[in-house]
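Since the structure of chain A is provided, determine the placement of chains B and C on it from the hints.
Sequences listed follow chains A, B and C, in order.
Numbering-wise, the first sequence is residues 0 to 251 according to numbering that gives the first Met the number 0.
Numbering-wise, the second sequence is residues 0 to 282 according to numbering that gives the first Met the number 0.
Numbering-wise, the third sequence is residues 0 to 284 according to numbering that gives the first Met the number 0.
Please keep in mind that the hints were generated in silico from the structure rather than gathered at the bench.
This one's a predicted model, so the numbers in the text were calculated from it and none came from an experiment.
Treat the hints with caution; some may be incorrect.
Calculated pairs, BS3-like style, for lysine-lysine (alpha carbon to alpha carbon, straight line, at most 25 Å) [stated by the list, open to error]:
no., chain 1, residue 1, chain 2, residue 2
1, A, Lys142, A, Lys185
2, A, Lys116, A, Lys138
3, B, Lys2, C, Lys92
4, A, Lys115, B, Lys2
5, A, Lys116, A, Lys143
6, A, Lys117, A, Lys138
7, A, Lys28, A, Lys65
8, A, Lys194, A, Lys28
9, A, Lys28, A, Lys238
10, A, Lys142, A, Lys116
11, A, Lys117, B, Lys2
12, B, Lys177, C, Lys32
13, B, Lys172, C, Lys2
14, B, Lys90, C, Lys32
15, A, Lys117, A, Lys143
16, B, Lys91, B, Lys2
17, C, Lys32, C, Lys242
18, A, Lys116, B, Lys2
19, A, Lys138, A, Lys115
20, A, Lys194, A, Lys240
21, A, Lys142, A, Lys115
Here are the in silico distance ranges between beta carbons for each label pair [to be verified]:
no., chain 1, residue 1, chain 2, residue 2, range
22, C, Arg39, B, Phe64, 41 to 47 Å
23, C, Gly134, A, Asn76, 35 to 41 Å
24, A, Leu184, C, Gly10, 58 to 64 Å
25, B, His92, C, Arg39, 37 to 43 Å
26, A, Asn76, B, Leu266, 41 to 47 Å
27, C, Leu77, B, Gly156, 45 to 51 Å
28, B, Lys90, C, Ser1, 19 to 25 Å
29, B, Phe64, A, Asn17, 48 to 54 Å
30, B, Leu51, C, Glu56, 25 to 31 Å
31, C, Gly134, B, Met46, 39 to 45 Å
No residue lacks a Cβ here, since even glycine has one placed at the ideal position from N, Cα and C.
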Amino acid sequence: MTSEKIRVQDLNLYYGDNQALHDIQLSVKKGSITAFIGPSGCGKSTLLRTLNRMNDLIDNVRITGKVYVDEQNIYDNQVDVVQLRKHVGMVFQRPNPFPMSIYDNIAYGPRIHGIKKKRDLDEIVERSLQQAALWNEVKDRLKKSALGLSGGQQQRLCIARMLAVDPDVLLMDEPTSALDPISTLKVEELTQTLKSRYTIIIVTHNMQQAARISDYTVFFLNGHLVEASETNAIFTNPKDKRTEDYITGRFG
Amino acid sequence: MGKLSDRVATILLWFIGLSILAILFWFLYRILSQGLPHLAPRFVFGMPEEILPGGGVGPQLFNSFYILLLSLAISIPLGIGAGVWLAEYAKKHWFTDLIRLSTEMLASVPSIVFGLFGMLVFVTVLGLGFSIIGGALTLSLLNLPILVRVTEETLRGLPGSYREASAALGATKWQTIKSVLLPTSLLGLITGITLVAGRALGESAILIFTAGVSVSRFAPDFNVFASGETLSVHLWYVLSEGLVPDAREIAEGSAALLVLVILIINLCLALPFRYWYRRSSGR
Amino acid sequence: MSKRTDRLMRGVFIASATFVSIIIFSIILFVGKQGVQTFRDVSPAEFFFSTDWTPLENRYGALVFILGSFLLTGLALLFAVPFAVGGAIFLAKYAPSWVREILRPAVDLFVGIPSVVYGLVGLTVFVPWIGKATGTAGFGVLAAALILAIMILPTILSVSEDALRTISRSLEEGSYALGATRWQTIRLVLLPAASPGVLTGIILGMGRAIGEAMAVQMVIGNAPLLPTGPGSPTSVLTTEIVKDMPNSIFGSTVNNALFLMSLVLLLVSLVLILLIRVIASRREV
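Same shape as in the complex, but just chain A (with noise of 0.2 Å):
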């Protein structure tokens, strides 16, 4: 019971009159990494953004079903959204560091929940940093502005913010879409040794980072959960058809 961290249950969400997610049924292991896939528009990162509700920031969208995070429905009236993205952290397709320096970028969250002092903020900044493998480059320059930065260690840097507010599940959207090979590497290797205290959901376009860093993987179509498995099955012995035809290269 206690190793399941999120439940998606009757999940459907619509812009207006469109459907964009029909009747999700989803369950994500504790401690695990989870990668959604499939091609584009098919609602993968729609989903991603209904578990931290940042599709509450969007008019016209009408979401009903129930999300369940730590037992918890997270679309209850009662919840508050604020703590909810606090324990439920995101990183997005492009790195988007607000334009400060490097410290206050990752000092931002912990300073808007409220910690003030210097020397914890220090702390956290290098705690933070040194998480998201990024300390080492940074060290000698944290009161630069964060934007000269290269893109990979921009990406780096806003993993290393969402850690600062330290959450217990880490959304990322498509996080190396944008970056080279060797800044994609880094931040596959680094979801590596952040797997073991978070639960990790990562959406991705790429089906061999799929195969090479998640657990266990969901395959979207057209708004539909078409199969949800582990990685290794999913990707040697997949049940449905259509699935089979994503992975082997035949749509997408």
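Chains B and C in isolation, oriented as in the chain A frame:
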């Protein structure tokens, strides 16, 4: 803590937004409710009085439009021409930068300074006197920078494929501009012109010292050398220097008339165009 | 044939562009030349540092008007900026779409309302109010600042809103994803990122306020004295020009002094434009 400040900010911002809305509507209501009752035909089309009450603003209304049209006739070809050059011909070097900078500078000149310049050059040096043409010439200086900017921005907004397609058919640059680029940017240009027209119609500081504060005895007088007090100038003149006992009523009536004309220009032309344009260009 | 027309039109275009850019320099030249003739009769020290403006006795101190212009502009900004920036945030991030559909065209419309109409409302509404509240005639710097604040509010608001709107949505999402509230996101991420645009809006509003003549002239009282209270008549550069120009003879010292004042106005406006340029070029880096 973060939540409290969020709530306070939300309330405060709603308060600000609604009070701006309230101020704007109160303002409009006040002008129209006080002025509209004065707008009898005898007022709108009648001749003004110098000392007795009951004067109209007919010649001023005529002058407003006459000066506006003359100033547009002078500034539109020049403004569009300069805009076309900046968008289609200009390469990036110091001369282009200079022209762009000087257009921006021209846009920032206070209208009273335009007024003095017009008085110096057109009224005094060229000897036009306080006249409709003196006012129109000076007013066109105010229009120019906006027209240049709107033309340049509109042309730049057009896809480069238009130019390539036309050039590939063997059209010269001028043929491309004349037959493809200007027609397709017509909507943007009209928006710009209505913007300019609204501003020019309400202008007063420029015209006091160039078109004067009196009107011809004949109305309508198409003579461009007649003195040409406009409605906006008249509004100011009756309040600050006028001798008529019903100055306030005339001012209120003129204000309502001005706002009405500007509302009509905006509602009929500028706003639908602008919103349609914004939507169609995906912004 | 068509080639010749092509070349001809190219000439026409470049001539228009050249003509437009010559205008500003001839304005500086003509107004400047007329203005500096003041110094044949008046020392620069007197013009810029004396508060005694009594042309009938040949005293031409313009400090009252220069200080007055800056004081008035500052006051108008003080009233307008919080509302305009707040309104921009409201419009960009809070207002439901139906409020936006009303407010945005309304704001656009108010940019186009003639200044004399603003002056009339100032004269018939603010002046009596202030008169009643202070026991004076009500004409003065406060009435002028209030009416100017309403005039420049739409300018600052729409430029700031555009600036807020162009901030990439991903920054906003990044902040929300860390558990920030809406206000924290706006205050700590969006406003700092939009600050060059907001500043540009404020400078544009400032330029409009310092150059406005008619609306201010109708409510400020037009006495060449430094203001002593909200209801005491005073005068600024623009209003003094409007008031004295018709009564002065071309080429006389007063007349030249008025041209010098407009040169001061012109130079201040040009400095503001350069400031906007500096801000814009810094943003590109």
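Now for the hints, and whether the structure bears them out:
1. A:Lys142 <-> A:Lys185: OK: Lys142 (chain A) and Lys185 (chain A) at ~24 Å, within 25 Å.
2. A:Lys116 <-> A:Lys138: At roughly 20 Å apart (the allowed maximum being 25 Å), Lys138 (chain A) and Lys116 (chain A) satisfy the hint.
3. B:Lys2 <-> C:Lys92: Holds - the C-alpha atoms of Lys92 (chain C) and Lys2 (chain B) are around 17 Å apart, at most 25 Å.
4. A:Lys115 <-> B:Lys2: holds (17 Å)
5. A:Lys116 <-> A:Lys143: Holds: Lys116 (chain A) and Lys143 (chain A) sit about 21 Å apart, inside 25 Å.
6. A:Lys117 <-> A:Lys138: Holds, at about 16 Å.
7. A:Lys28 <-> A:Lys65: With Cα atoms ~17 Å apart, Lys28 (chain A) and Lys65 (chain A) stay inside 25 Å; holds.
8. A:Lys194 <-> A:Lys28: Roughly 12 Å between the alpha carbons, so the hint for Lys194 (chain A) and Lys28 (chain A) holds.
9. A:Lys28 <-> A:Lys238: holds (21 Å)
10. A:Lys142 <-> A:Lys116: holds (17 Å)
11. A:Lys117 <-> B:Lys2: holds (23 Å)
12. B:Lys177 <-> C:Lys32: violated (42 Å)
13. B:Lys172 <-> C:Lys2: Given pair Lys172 (chain B), Lys2 (chain C) holds - Cα atoms ~9 Å apart, limit 25 Å.
14. B:Lys90 <-> C:Lys32: Violated. Lys90 (chain B) to Lys32 (chain C) sits at ~34 Å, over the 25 Å cutoff.
15. A:Lys117 <-> A:Lys143: The hint holds at about 18 Å.
16. B:Lys91 <-> B:Lys2: The hint is violated at about 51 Å.
17. C:Lys32 <-> C:Lys242: Holds, at roughly 22 Å.
18. A:Lys116 <-> B:Lys2: Distance of about 20 Å is within 25 Å: holds.
19. A:Lys138 <-> A:Lys115: This hinted pair holds, its Cα atoms lying about 21 Å apart.
20. A:Lys194 <-> A:Lys240: Judged against 25 Å, a Cα distance of about 31 Å means the pair is violated.
21. A:Lys142 <-> A:Lys115: Roughly 18 Å separates the two Cα atoms, so the pair holds.
22. C:Arg39 <-> B:Phe64: 41 to 47 Å: Holds - the Cβ-Cβ distance for Arg39 (chain C) and Phe64 (chain B), about 43 Å, lies within 41 to 47 Å.
23. C:Gly134 <-> A:Asn76: 35 to 41 Å: Distance hint for Gly134 (chain C), Asn76 (chain A) is violated at roughly 56 Å.
24. A:Leu184 <-> C:Gly10: 58 to 64 Å: holds (60 Å)
25. B:His92 <-> C:Arg39: 37 to 43 Å: At roughly 41 Å between Cβ atoms, Arg39 (chain C) and His92 (chain B) fall inside 37 to 43 Å, so the hint holds.
26. A:Asn76 <-> B:Leu266: 41 to 47 Å: holds (43 Å)
27. C:Leu77 <-> B:Gly156: 45 to 51 Å: The hinted range 45 to 51 Å is violated for Leu77 (chain C) and Gly156 (chain B), with Cβ atoms some 37 Å apart.
28. B:Lys90 <-> C:Ser1: 19 to 25 Å: Since Lys90 (chain B) and Ser1 (chain C) have Cβ atoms about 23 Å apart, the given range 19 to 25 Å holds.
29. B:Phe64 <-> A:Asn17: 48 to 54 Å: holds (51 Å)
30. B:Leu51 <-> C:Glu56: 25 to 31 Å: Check failed, 39 Å falls outside 25 to 31 Å.
31. C:Gly134 <-> B:Met46: 39 to 45 Å: holds (42 Å)
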